[in-house]
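Peer 1: Chain residues, written in single-letter form:
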Amino acid sequence: MANNNTLISVQDLKVYFRTGHECARAVDGISFEVRKEETVCLVGESGCGKTVSALSILGLIPTPPGEIAGGRILFQGKNLLELDEEDMQKIRGNRIAMVFQEPLTSLNPVFTIEDQIGEAISIHKNVGAKELRDRCIKLLKDVGIPSPVQRLKDYPHQLSGGQRQRVMIAMALACDPDLIIADEPTTALDVTVQAQILRLLKSIQKIRSMSVLYITHDLGVVANIADRVYVMYSGIFTEQGNTAQIFHDARHPYTQGLLASLPSRSKRGKRLYSIPGTVPNPAYKPAGCPFHPRCPHAILTCAKEYPEMCDYGQGHLARCPVLLEGGDGYK
Amino acid sequence: MELLNKDKQIVLRVQNLKKYFPIRRGFFQKIAGWVKAVDDVSFEIEQGKTLGLVGESGCGKTTVARLILKLLEPDHGKIIFRGSDIGEFTEKDMRPIRKEIQIVFQDPFGSLNPRMTTGLSIEEGLRILGIKRGRKRKERLEKLLKMVGMSPDSADRYPHEFSGGQRQRICIARALSVDPSLVVCDEPISALDVSIQAQIINLLKDLQDRLGLSYLFISHDLNVVSYLCSTISVMYKGQIMESAPAEELFENPCHPYTMSLLSAIPDPEPGIKREIELVEPDLSDSLITSNGCNFQGRCSIEEPRCLEEKIGFEKVGEKHFVRCWKAAKK
Amino acid sequence: MNIDEKGFNQDFQFEAPMAPKRTRLQEFWLLFRQNRLAILGLFIFILFFCCAIMGLFITSGPDPLFDPAMIRLQEKLRPPLAKPNLDSLRREEIPCLGFYLMGTDDLGRDVFARMLQGAWVSLTVGFVAVGISVLIGIFMGGVAGYFGQHHIRVDHILMTILLISGAGLVMAHSIRFGAVLLCLTLAYIFYSFFTQNRSGEKSVPSWAKVFRKSAVSVDTLIMRIVDIMLCFPSFFLILTVVALLPASIYNIMIVIGLTSWMGTTRFVRAEFLSLREQDFVAAVKTLGASNFRIIFRHMMPNAIAPVLVSATIGIATAILTEAGLSFLGFGVPPPHATWGNILSDGKNFIFDAPWLTFIPGIAILIVVLSFNLFGEGLRDVLNPKLRERH
Ligand SMILES: Nc1ncnc2c1ncn2[C@@H]1O[C@H](COP(=O)(O)OP(=O)(O)OP(=O)(O)O)[C@@H](O)[C@H]1O
Ligand SMILES: Nc1ncnc2c1ncn2[C@@H]1O[C@H](COP(=O)(O)OP(=O)(O)OP(=O)(O)O)[C@@H](O)[C@H]1O
Ligand code: SF4
Ligand code: SF4
Ligand SMILES: [Mg+2]
Ligand SMILES: [Mg+2]
Numbered sequence: 001m002a003n004n005n006t007l008i009s010v011q012d013l014k015v016y017f018r019t020g021h022e023c024a025r026a027v028d029g030i031s032f033e034v035r036k037e038e039t040v041c042l043v044g045e046s047g048c049g050k051t052v053s054a055l056s057i058l059g060l061i062p063t064p065p066g067e068i069a070g071g072r073i074l075f076q077g078k079n080l081l082e083l084d085e086e087d088m089q090k091i092r093g094n095r096i097a098m099v100f101q102e103p104l105t106s107l108n109p110v111f112t113i114e115d116q117i118g119e120a121i122s123i124h125k126n127v128g129a130k131e132l133r134d135r136c137i138k139l140l141k142d143v144g145i146p147s148p149v150q151r152l153k154d155y156p157h158q159l160s161g162g163q164r165q166r167v168m169i170a171m172a173l174a175c176d177p178d179l180i181i182a183d184e185p186t187t188a189l190d191v192t193v194q195a196q197i198l199r200l201l202k203s204i205q206k207i208r209s210m211s212v213l214y215i216t217h218d219l220g221v222v223a224n225i226a227d228r229v230y231v232m233y234s235g236i237f238t239e240q241g242n243t244a245q246i247f248h249d250a251r252h253p254y255t256q257g258l259l260a261s262l263p264s265r266s267k268r269g270k271r272l273y274s275i276p277g278t279v280p281n282p283a284y285k286p287a288g289c290p291f292h293p294r295c296p297h298a299i300l301t302c303a304k305e306y307p308e309m310c311d312y313g314q315g316h317l318a319r320c321p322v323l324l325e326g327g328d329g330y331k
Numbered sequence: 001m002e003l004l005n006k007d008k009q010i011v012l013r014v015q016n017l018k019k020y021f022p023i024r025r026g027f028f029q030k031i032a033g034w035v036k037a038v039d040d041v042s043f044e045i046e047q048g049k050t051l052g053l054v055g056e057s058g059c060g061k062t063t064v065a066r067l068i069l070k071l072l073e074p075d076h077g078k079i080i081f082r083g084s085d086i087g088e089f090t091e092k093d094m095r096p097i098r099k100e101i102q103i104v105f106q107d108p109f110g111s112l113n114p115r116m117t118t119g120l121s122i123e124e125g126l127r128i129l130g131i132k133r134g135r136k137r138k139e140r141l142e143k144l145l146k147m148v149g150m151s152p153d154s155a156d157r158y159p160h161e162f163s164g165g166q167r168q169r170i171c172i173a174r175a176l177s178v179d180p181s182l183v184v185c186d187e188p189i190s191a192l193d194v195s196i197q198a199q200i201i202n203l204l205k206d207l208q209d210r211l212g213l214s215y216l217f218i219s220h221d222l223n224v225v226s227y228l229c230s231t232i233s234v235m236y237k238g239q240i241m242e243s244a245p246a247e248e249l250f251e252n253p254c255h256p257y258t259m260s261l262l263s264a265i266p267d268p269e270p271g272i273k274r275e276i277e278l279v280e281p282d283l284s285d286s287l288i289t290s291n292g293c294n295f296q297g298r299c300s301i302e303e304p305r306c307l308e309e310k311i312g313f314e315k316v317g318e319k320h321f322v323r324c325w326k327a328a329k330k
Numbered sequence: 001m002n003i004d005e006k007g008f009n010q011d012f013q014f015e016a017p018m019a020p021k022r023t024r025l026q027e028f029w030l031l032f033r034q035n036r037l038a039i040l041g042l043f044i045f046i047l048f049f050c051c052a053i054m055g056l057f058i059t060s061g062p063d064p065l066f067d068p069a070m071i072r073l074q075e076k077l078r079p080p081l082a083k084p085n086l087d088s089l090r091r092e093e094i095p096c097l098g099f100y101l102m103g104t105d106d107l108g109r110d111v112f113a114r115m116l117q118g119a120w121v122s123l124t125v126g127f128v129a130v131g132i133s134v135l136i137g138i139f140m141g142g143v144a145g146y147f148g149q150h151h152i153r154v155d156h157i158l159m160t161i162l163l164i165s166g167a168g169l170v171m172a173h174s175i176r177f178g179a180v181l182l183c184l185t186l187a188y189i190f191y192s193f194f195t196q197n198r199s200g201e202k203s204v205p206s207w208a209k210v211f212r213k214s215a216v217s218v219d220t221l222i223m224r225i226v227d228i229m230l231c232f233p234s235f236f237l238i239l240t241v242v243a244l245l246p247a248s249i250y251n252i253m254i255v256i257g258l259t260s261w262m263g264t265t266r267f268v269r270a271e272f273l274s275l276r277e278q279d280f281v282a283a284v285k286t287l288g289a290s291n292f293r294i295i296f297r298h299m300m301p302n303a304i305a306p307v308l309v310s311a312t313i314g315i316a317t318a319i320l321t322e323a324g325l326s327f328l329g330f331g332v333p334p335p336h337a338t339w340g341n342i343l344s345d346g347k348n349f350i351f352d353a354p355w356l357t358f359i360p361g362i363a364i365l366i367v368v369l370s371f372n373l374f375g376e377g378l379r380d381v382l383n384p385k386l387r388e389r390h
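Sequence order for the protein chains is A, B and C. Here the numbering used here is used: position 159 in the first sequence is 159, and no number is missing along the way. Here the numbering used here is used: position 263 in the second sequence is 263, and no number is missing along the way. Here the numbering used here is used: position 80 in the third sequence is 80, and no number is missing along the way.
Since the hints were derived computationally from the structure, they do not count as laboratory data. Incorrect hints may have been included.
[Unchecked claim] Pairs of lysine-lysine, BS3-like flavour, derived with a Cα cap of 30 Å:
(1) A:Lys-141 <-> A:Lys-202
(2) B:Lys-18 <-> A:Lys-270
(3) C:Lys-209 <-> B:Lys-146
(4) B:Lys-146 <-> A:Lys-285
(5) A:Lys-206 <-> A:Lys-270
(6) B:Lys-78 <-> C:Lys-213
(7) B:Lys-36 <-> A:Lys-153
(8) B:Lys-78 <-> C:Lys-385
(9) A:Lys-267 <-> B:Lys-315
(10) A:Lys-206 <-> A:Lys-141
(11) C:Lys-213 <-> B:Lys-36
(12) B:Lys-315 <-> B:Lys-30
(13) B:Lys-319 <-> B:Lys-330
(14) A:Lys-141 <-> A:Lys-130
(15) B:Lys-319 <-> A:Lys-267
(16) B:Lys-138 <-> C:Lys-385
(17) B:Lys-319 <-> A:Lys-270
(18) B:Lys-30 <-> A:Lys-267
(19) B:Lys-30 <-> C:Lys-209
(20) C:Lys-209 <-> B:Lys-18
(21) A:Lys-267 <-> B:Lys-18
(22) C:Lys-213 <-> B:Lys-18
(23) C:Lys-385 <-> A:Lys-285
(24) B:Lys-78 <-> B:Lys-329
(25) C:Lys-213 <-> B:Lys-30
(26) B:Lys-99 <-> B:Lys-18
(27) A:Lys-90 <-> A:Lys-78
(28) B:Lys-146 <-> A:Lys-270
(29) B:Lys-92 <-> C:Lys-385
(30) A:Lys-153 <-> B:Lys-330
(31) A:Lys-267 <-> B:Lys-78
(32) C:Lys-209 <-> B:Lys-92
(33) B:Lys-36 <-> B:Lys-326
(34) A:Lys-270 <-> B:Lys-205
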């Protein structure tokens, strides 16, 4: 699948966490790729392994209890899992940057904005004090912080949540990375601020021709920014495809269920569809298709056999053989 | 008073409610200013209906909820519940009324006592209703649990054994244990998994249909509010900016803030990617405002008059009010 | 409005229970059993207690089995397990075991007998004193944490001062003055109670408004008292009080308890301050539960864990404080042994007869340790989060 347009390609990645006598299979064999200048969304519920996937790309899984149990992560031809810590540091922040979920805690409260952005630059680039400052100002301008010169000396607590997240994005942009991994960057923010951040990410991506791996649980956000989408459930991908395929032509019962259960004005008065049951504990996943206890189409084999990906053409894949053989989904 | 008794189907009417919190600074903790967390808020909730209260973080939604529940004392204004102004009630007066108004909190992990079985937590309400310990109470408990879709033997378990959605259902059961007529839902689904949210929304709706409950539904998610509520009030910095029946608000938004909220809804319908028109957020300390409109500084159609005058809450249509003189004039 | 059985939500089948059910007692015992050290602690603890009770009987009476007061000057400072010199002893002076299990002290008294006799006193001093201090601490901490924001009015403070001085006067036999003061306060209390009920603040004449001003918040008051108590070197405080009171073991327990509640108060207050903000407390409040119930039924079980552990250490301190007092002659009157005074008597002979200090020292250590282990086990058992999947 990998052609020379591929920036990063993850192949059959498995990440397990062993605690006591339990083994949580947080990520259980996922494969995906991010092409150049593309926005890819990983969407899934809490605990399905999104953050763990992102952290393993950056080599940040705490070991122990974590453990990369298999797979490869090819970034520009190199397998990141085989690099040593020193080489990894050269990639982290420099070639691949990450924006975290919680803007409040990912900035150090005792340093000014300038210190923190400057730090992000000077780790990887050798630049003088004057240029460092200019770069900081330019970055802040790029992420849309008004009067950046005055803001440089501010401390994180003097900024609003949205502004902090902008600073985080500025830090991620500091070394002009090829790939930005954004792990739920707007979950803690208000809708209006979220809309601004999304718009910002999109425009920056266009200008700098970067790739973005965007992690979220919000299907609304996905619809607004993604080129391609991977739907994750309990450590595996259940469906993948481009945005239109996922939203208009979902082929996996989980995706269908999620879409059907979103409340909106047009569904007023009607009953919402809701997926019964709860998300499985990663240490005690059901055998076979992990979705089968909640799936309305489940047949006996679903509980026994692990389902394969079924191809619907044009890169649209869904991990549900039952529906391929002629189900109809929810109407 | 006669105005209140006129229409009996109004459960709760809030008039000019205000709550300011002091900001204390310095060594002696002098009062340096006031956070106008709730500043002149009025609304009413009809029997069996849902009022949606939306607004961004920190605009005072939770404070309104706590005021209505009398967990906080209002500084000013009336909270009229079934004809009596509970705003002035002392703690003792409140006791018999308490059970009429219940709350479901946002955080399903902090809202159940970690050292009590869920059964005991729910029974607390039954005890207050005066149902003696014994078979009757046990039956009632099981009924409540079943009503929210939990198995009766979850009564003997501790909260940490349940998932977020299950805990939220237990919280709903606890709220219903005292037969309330108004339930305040303070962002009850925002901490839940996406696939669980619809379960809770459906549950709330079913319970409303069957028990005739009224809800004050607080949220920052306009999609949810638009699905669930009959009337929507949009709150900003402690004031209600616009209030209208749900359809009307979406069809015909008047206030610039409402418009920017509506345009910022992440819509799960790809293709219709609207250009979002938003001004930069303000940088000032969010709740300390000077004269004039609270939305000044973020408003795209602002005029000098907005900075000086006190802006009234004006009627622009059937049950449609807006706090913006420009919108009201049109 | 009624709850009917029909029309359950179809969204969720009743979810399967997570683990097989056990009764609460079974579960309690199961978890406790897994905690071996806690069991050991409990066992040792019970053992000591039995010894103490037994010791009460076999060391007292007209002709005790073990006589802790028997002085044999010719047999002084014999090491543990030493055989008595049968020639120089009368028949009733021979220890009943046939040897000195724990040696003898400088007066030739059997240390084992003395330890037995002292066990009861020391254990009760430890537990009663700590019990008192924990009770006071929990109460004060709970009040400071829960009602902290309430204000105390000037007249409340005045009334308290009057009440206390009135009571003091009565006790100091100046009954007439005392009674006048007491009557005055009672009258005022009734007055303010009734006026408040009838018409609130309005009936107060303007000159009396001063008395209705709020003086200090409950939290500030209690925490300042704690600070003041902590400022005194508590041993000397105890010493002063004990010097004024008749020497008796009960006075000592009470006084130790009354002077060591501050730590608990701080723990409980801190816990309460954070618990108070939690949603479940607000939820119970909106259900209509009384403050008393909220504090003791809902909040206290969540605040008790750190208290339990600090209490175990408090026991050791109490036993040692009693020792110090006995040493200075304020504790239990001399011929009666306590672990404390065996220890402090032995100090002078630490090089010649180390067992005199080691034996009571180790006994105290074991009691404290076993109680500590037990306390921690209990804390875990009481924590439902640790009860998962067994
Ligand atoms: N350090 C860790 N130790 C043990 N288990 C872990 C650790 N980190 C993650 N896990 C497990 O991995 C699973 C996936 O976690 P992850 O953080 O990737 O979820 P997520 O999809 O990012 O969820 P969220 O939306 O809540 O951020 C979790 O269920 C958790 O049990
Ligand atoms: N006890 C308090 N003391 C001082 N300020 C307070 C207090 N409670 C709330 N506030 C302030 O009042 C404002 C409104 O808070 P509130 O919790 O009502 O917001 P909210 O709309 O519920 O926000 P969110 O969506 O984040 O829950 C905030 O600025 C907050 O800092
Ligand atoms: S494989 Fe079976 S259980 Fe899994 S999604 Fe398809 S139908 Fe449902
Ligand atoms: S009153 Fe003025 S500032 Fe306020 S919303 Fe209307 S136009 Fe904007
Ligand atoms: Mg995550
Ligand atoms: Mg809130």
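Peer 1: Quick one: which hint numbers does this structure break? Sort them smallest to largest.
Peer 2: Per hint list: 2, 3, 5, 8, 12, 18, 21, 29, 30 and 31 violated.
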